[in-house]
Amino acid sequence: MGSGIRRRCRPAALIAGLLFLDDYAQAQGRLDTLALDPVSQAMESELLRTHRELERPGRPPPYYVGFWVIDFELVELRGSLGALTVDRRDSGRRIKVELRLGDHRVDNSNFMGPNLEFEVQRPGDDPQPAVQADGTALRREFWLLADTAYRSANELLDQKKAQRASEVEVDELPADFSVEEPRSVAVDRHATLPDRDVLIRTILAASERFLSYPAIHDSEVAVEAWVVRRRFVSSEGVRSYEPSQLTRFSVRGSTQAPDGMPLSHSEEWFGTVTSDALLAQVTRIGSELTSLRDAPLVEDYSGPVLFEGIAAAQITAELLSLSLSGTPGHDGQDTPLARRLGRRVLPSDFSLFDDPTLDSVQGIPLFGGYAFDDEGVIPQRVSLVESGRLKQLLMSRTPRKEFSSSNGHGRSGLSGWAKGGIGNLVMESRRGVSKAALRRRLLATAAEQGLEYGVVVTRLDTRGFSTNGFSPPVPQTAFKLYPDGRIVFVRGAALGEMSVRDLRDIVAASSELSAGHFSTTWPSGLETPSTVVVPSLLFEEVEVKRPKSAHARPPAWPRSAIE
Amino acid sequence: MRLGAKIRPTLGVIALSLLVQACVAAPAARMPDERVSSEHPQRPAVAPSGLRVMRSSPLASVEPAPVLHVLHESIALAMAHLQSQPDPPYFLAYQVIGEQQLSISAQNGALLASSESSARTLDIDLRLGSRSRDNTHPLPGSEGGSTFRGLNLLPLEEADASLRRAIWNATNLEYERSREDLMHVRSSVQLQESDAQKSPDLSKEEAVRFHEPSLETVVDKALWEGRLKRVSQLALSYPSIMTSSVSLDVSTETRYLANSEQSSVQVSGRQVRLWLSAESVAQDGLPVSRFASIDVRSIDALPNESVLFARFEQVLRDTLALLQAPVVEPYVGPAILDGLAAGVFFHEVLGHRIEGHRQDAKSEGQTFASRIGQPIMQARLNIYDDPSLYSVNGIQLNGFYRFDDQGVAAQRAELVQDGILRGFLQSRRPTRGFPHSNGHGRRQAAHGVVARQANLVVEPIEPLSREALKQALLEEVGRQGLRYGLRFTEISGGFTQTQRYDTQAFKVMPTMVYRVYLDGREELVRGVDIEGTPLTALSKIVAAGDDFEVFNGTCGAESGWVPVSATSPSILVSQIEVARQEALDERPPLLPPPSPSPMGRE
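Residue numbers (my numbering), protein chains in the order written: chain A, 1 to 563; chain B, 564 to 1165.
Here chain A stands alone, though its shape is the one from the complex (with noise of 0.2 Å):
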């Protein structure tokens, strides 16, 4: 990759946490600040009588405390057709707290006991500081919470103790709870929300365009905006702050085919979008869907799939970014991935790594960066796949046999213990091809097969990782590609059950790279986002199946009744 990335912004301070105020004072730059900020002193004075004085008689305090305050604020507006549908503001604070009993050996995590959800709603920031200098609702809050986190952490390591005792083990145990170097950082990053009024402008001009679109039965163009500021302090010294801005603008389409089958299609865009790209996204997408109307329905095929652009970082998304977690199960289980550690997990050409410190890839603009993961840990750059085999996984600070220590990729939005996840995913091929070279390869390897045409699909649903496994997404344009050139789009294209180990038997991938930027939604609400950077791929085998089940009937009330 070399010159092709650029760094993400160097942190105001780096710095060996210290936990006194004292030593803290010394810090530089932004940590200075940070010191004398009300909020984070209620943590401090909080986090200090926590980890020193909540004990039970006979019953020790804890070995780690970490406390986090997340705040946010965030704009929502939806439009259709020039006319704004939602309108919503909302700001809030929410704080978490992690408190482990026992030593980093066995501990109260990594074992099935009650669901410890330690997410709590809390009073929101005090936009004047002054008010609240002394930060005595917050510090209540914390208070509050870390005792009841007390209480289940006692009750949890003491079952986890009993069976521990009944057990015989097999294996030797990894430890519960790695031992890191702390590390504390704060980014001095300006982080406001966009201009609304302009968003407005913005999405309203977009949504407008779709009344050129007569046959579009119902469309929306969306903006979401999100600032939110995290600050981790722990009992082992780690200070962190780190402010980021998101904006996330979507475009969603319906229509009926006149057989009456629904049509849908939503795209999103991450970061600034100007009015015009907008627009413009629009009235492809508007001229897309109509034309889709008339496609004919797809046939059952069996063969070489192409997933062109984004398509190929959605399909790469859902197969692998809840894989490469090496967080063991709270029941000892891995994903079918981990357990191939050493193997080849694809083409010996292929390589994987995710690195949350990146800014960009080759031009392409990411945003699953982070300054510190959800443990408080600097992220790293991580080697997952080298030469087609698996290296290395994603660590959260629970260690397994082979990694004894996180790699910075603990991920748990604000409830639950962390698991190792995504943050900027790159995928590259040595061989990588032109698209046009690509197109050929379909083509050829469909006519090995004995078949006419070759399958190339360029957008999947658009969605969130979904948690509980993979279920196939559904393509929504897909097209036969003919060895004359001819594209013949198709629509009702279903892809059958796709696995991990489909990836081994890759057959070409394009060198130029595309993005699919994704947001996974915690039980808490908020949204972690990730980037998936992939080049094209061609699958050797794949189903598309056609639609078997009735669909709904064209409308009973005509459109041109309306106009």
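Source of the hints: derived by calculation from the structure; they are not laboratory data. Even glycine gets a Cβ: it sits at the ideal position worked out from N, Cα and C. You may find that some hints are simply not true.
To be verified - Derived contacts from chain B toward chain A, CB cut-off under 7 Å, selection only: (1) A673; (2) E679; (3) W731; (4) V844; (5) R1046; (6) L1154.
What the hints assert, rightly or not - Restraint-style ranges between C-beta atoms, simulated for each label pair: (7) A:E563 to B:P649: 22 to 28 Å; (8) A:S560 to B:A610: 55 to 61 Å; (9) A:D197 to B:G789: 22 to 28 Å; (10) B:E721 to A:G237: 55 to 61 Å; (11) B:H632 to A:S560: 17 to 23 Å; (12) A:S560 to B:W1124: 36 to 42 Å.
Fit chain B to the known structure of chain A by using the hints.
Showing chain B alone in chain A's frame:
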């Protein structure tokens, strides 16, 4: 999305719940009516019981908003085009609900949340088949579930093209859904011969035209954020209070209704609720909580900051008193329910069971279905529900409206006269013997309409003074050979189960309960729930007072959450069963609170 169908099997029971907030006759809650200039209250009328009720004159009619024209034109077009379908509609109604919401909450001197949102939604009532049997006919086993039908969002402003297309698209989807429903009704009814005598599915009502101006809400957000923070900070002076909050919710709604019978209604209302609450856990692990709420219709009608401080201080002090109070022993004996508690009692025990649609439904317990004209209680009480009531004794009522969500004018529904059951709450779904609506068809946006309570009023024919009622209690205590009776003054809410396969039970959760000893002394106790079965409970009412209290709250049932009120005098019951509140395994925190305030008042 048919959430209702999804919810039914998992929910199992329908618990009709009420979140009730006390709106006692305290200075803060007693708002001078003339301060609400937008709603034209009339001069109060005094009922024989001494209750001072006030209605609100209709406002000057205004030109209907453009959205109503679009609704009427869309109805005409849809009805015309759908006539050619094999199952043409015989009735179509559109309701647009535009709502602006503002919500601010604060805790311990800091802002907890502050949000604003607005939305306009479309609800469609499309009827295929015929009035006597249409697509909405209840199918056996499907009654009682949520009527949530999915949200149809409309443009927030008057936008013709966008609006027309959204209505068109939603109507087509609704038509398909209704056609399927009608198919199910037809196939099911063929199997159900016994269903033959059922009431029709839609009553005939006169068309109405009524258009009042749309209200707007302008709230000085920064001012209220500051005020709530200051008031909430008071809790820091009470270290034993674990959690507390002070919040303000302002919701302004305009409802537009048009139907194929040429009704056209535009009504607008506003609800302002200020809520103060505190919670803690006693040493024995029983949680205690107190709250106060102030429900008014204009932000200007809220009390000033010093009154809010006083109200919050009372909440905090009451919570402390509860922490110290002894836990109640299981008890069967006489009790006085003060007006607020009695209001919730009547809402749960009687109100939910006389909603019209429950009388014919096979899955319902039908507690009162066949008791019209018969006594259902010994006590000489009149009970009615009147949505057109604006205030009672100067307290604004949450359940006030002029037209219901089916465009029927709000009417006083006579429910019980001198202890005899006279009628039900009716929407446009008729009940045997009651072919017409009495303007009680209500919904939250995105739900189907059913009959609901609005302003329930209980009036005794022979009221006793407070002193006489207490004396009667003590006499009853003596007669039953007990040491003390109970008095319930405030209640946090209740719920009831009306379905046939459930126990026909209700539960009311009191927050302030006193033991009344034979010498007249009263002692606060905690940890009590009132449970019982409705017919027995009603039969035990022996007397009622001349003191009225109003609770204002929000009631949840099949058609979503709707604002309601209940007005009742104190009542004396000869026997009530009190269960000990279920103990949660909670304990006070191990560590003392962070830095006790120097101004501690405990």
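Each hint, compared with the structure:
no. : hint                          : verdict
1   : A673                          : 4 Å, holds
2   : E679                          : 5 Å, holds
3   : W731                          : 5 Å, holds
4   : V844                          : 10 Å, violated
5   : R1046                         : 38 Å, violated
6   : L1154                         : 6 Å, holds
7   : A:E563 to B:P649: 22 to 28 Å  : 25 Å, holds
8   : A:S560 to B:A610: 55 to 61 Å  : 59 Å, holds
9   : A:D197 to B:G789: 22 to 28 Å  : 26 Å, holds
10  : B:E721 to A:G237: 55 to 61 Å  : 59 Å, holds
11  : B:H632 to A:S560: 17 to 23 Å  : 21 Å, holds
12  : A:S560 to B:W1124: 36 to 42 Å : 40 Å, holds
Checked against the numbered hints given earlier, the structure breaks hints 4 and 5 and satisfies all the rest.
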